[in-house]
Amino acid sequence: MSGHAYETGRLNLPFVGISTFGKRPYQADWSRIEADVAVMGAPFDFGTQFRAGARFGPRAVREASTLFSFGHAGAYDHEDDCTYLGSDVRIVDIGDADIVHTDTETSHANIEAGVRAILKAGALPVVIGGDHSVNIPCIRAFDDQGPIHILQIDAHLDFVDVRHGVRHGHGNPMRRAAEKDYVTGITALGIRNVSSTTQEGYEAARAMGDDILSVRQVRKLGCDGVLARIPKGARLYVTIDIDGFCPSIAPGTGTPSHGGFLYYEVLEILQGVARDHEIVGIDLVEVAPDYDPSQSTAILAAQVLLNFLGFIFHARSQR
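Here the sequence shown is numbered in numbering that gives the first Met the number 0, starting from 0 and rising by one per residue.
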């Protein structure tokens with residue numbers, strides 16, 4: 000009746016088998032991607048300025064995602080009265096971009112090549128970092144995709160221009176994005192407290208089209224108020240830094256900042272943008288699992304991605 004095959008198929012418990020994202024098929028040949036979603040790891044953390052370890056993020060998030068690998072007929076949400084990510088949504092895991100140790104530009108070029116391969120196949124790219132600098136090659140890959148608006152969920156503005164000659168570290172990605180003529184603007188949510196960006200950086204960000212809201216400002220506006228600030232009809236690329244969440248629920252990151260979002264605050268915003276906008280790309284970055292022996296940070300990351308994908312494809316089916 001529902002498509003479940005618990006009696007006739009393998010049970011395939013979370014701890015059984017290979018940890019691809021959501022236990023979805025692995026496609027090693029990037030010229031043969033046939034899917035609605037292609038997930039790629041970007042295990043690069045040479046852009047960090049404090050604690051490294053996000054290179055292990057893709058592996059941890061994939062393993063955590065097996066907890067939600069229902070496999071048979073999607074996941075039913077009783078609040079929404081909806082089954083998300085059923086068999087009609089084709090998701091593949093294409094493995095990781097090749098990382099060359101200490102070589103930022105080559106590593107970034109390899110990440111960019113992976114995103115371009117996904118876009119060429121007509122799939123939605125989902126990139127798991129890695130530090131936030133991996134967003135730089137992701138956005139580069141959209142240079143022939145038409146205008147995009149970036150939704151950033153983050154504790155830090157990441158709008159540094161050049162610091163000691165560094166242009167492509169994890170403090171630079173939103174500045175590099177804003178320089179692209181096909182990036183029409185940035186909506187930055189969760190920016191707070193002691194920041195890695197100077198006052199001049201904030202002024203430059205606003206001058207270049209960055210709408211900046213702290214966690215407290217987001218809470219004051221509410222979900223609908225925040226959604227109203229995102230340009231109507233914009234095609235959205237969503238970048239989620241796990242430190243946008245409060246470290247009380249996401250301690251496994253290199254630069255934790257207290258006072259962050261809780262789970263449902265972000266989830267409701269993601270559900271809203273999936274309903275109102277075309278989502279053209281996603282990255283989730285800065286999961287550094289060694290700082291969280293409970294593994295709850297990786298589980299949170301996997302849960303957010305799977306829910307967001309569910310919202311996106313449900314919204315597409317209703318249009």
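Since the hints were derived computationally from the structure, they do not count as laboratory data. What you are looking at is a predicted structure, and each value in this text was computed from that prediction instead of being measured. It cannot be assumed that every hint is accurate.
Claimed, not checked - With a straight-line cut-off of 20 Å between C-alpha atoms, the simulated SDA-like cross-links for lysine to any residue are: (1) Lys219 <-> Asn192; (2) Lys179 <-> Gly145; (3) Lys179 <-> Leu235; (4) Lys119 <-> Lys231; (5) Lys231 <-> Gln317; (6) Lys179 <-> Asn192; (7) Lys179 <-> Ile211; (8) Lys119 <-> Gly145; (9) Lys179 <-> Ala108; (10) Lys119 <-> Asp35; (11) Lys179 <-> Lys219.
Okay, the hints, checked on the actual structure:
1. Lys219 <-> Asn192: 17 Å, holds
2. Lys179 <-> Gly145: 11 Å, holds
3. Lys179 <-> Leu235: 15 Å, holds
4. Lys119 <-> Lys231: Violated. Lys119 to Lys231 sits at ~26 Å, over the 20 Å cutoff.
5. Lys231 <-> Gln317: The given pair, whose Cα atoms are some 18 Å apart, holds under the 20 Å limit.
6. Lys179 <-> Asn192: Answer violated: Lys179 to Asn192 is near 28 Å, above 20 Å.
7. Lys179 <-> Ile211: 19 Å, holds
8. Lys119 <-> Gly145: 14 Å, holds
9. Lys179 <-> Ala108: With Cα atoms ~17 Å apart, Lys179 and Ala108 stay inside 20 Å; holds.
10. Lys119 <-> Asp35: Within the cut-off at roughly 12 Å; holds.
11. Lys179 <-> Lys219: This hinted pair is violated, its Cα atoms lying about 31 Å apart.
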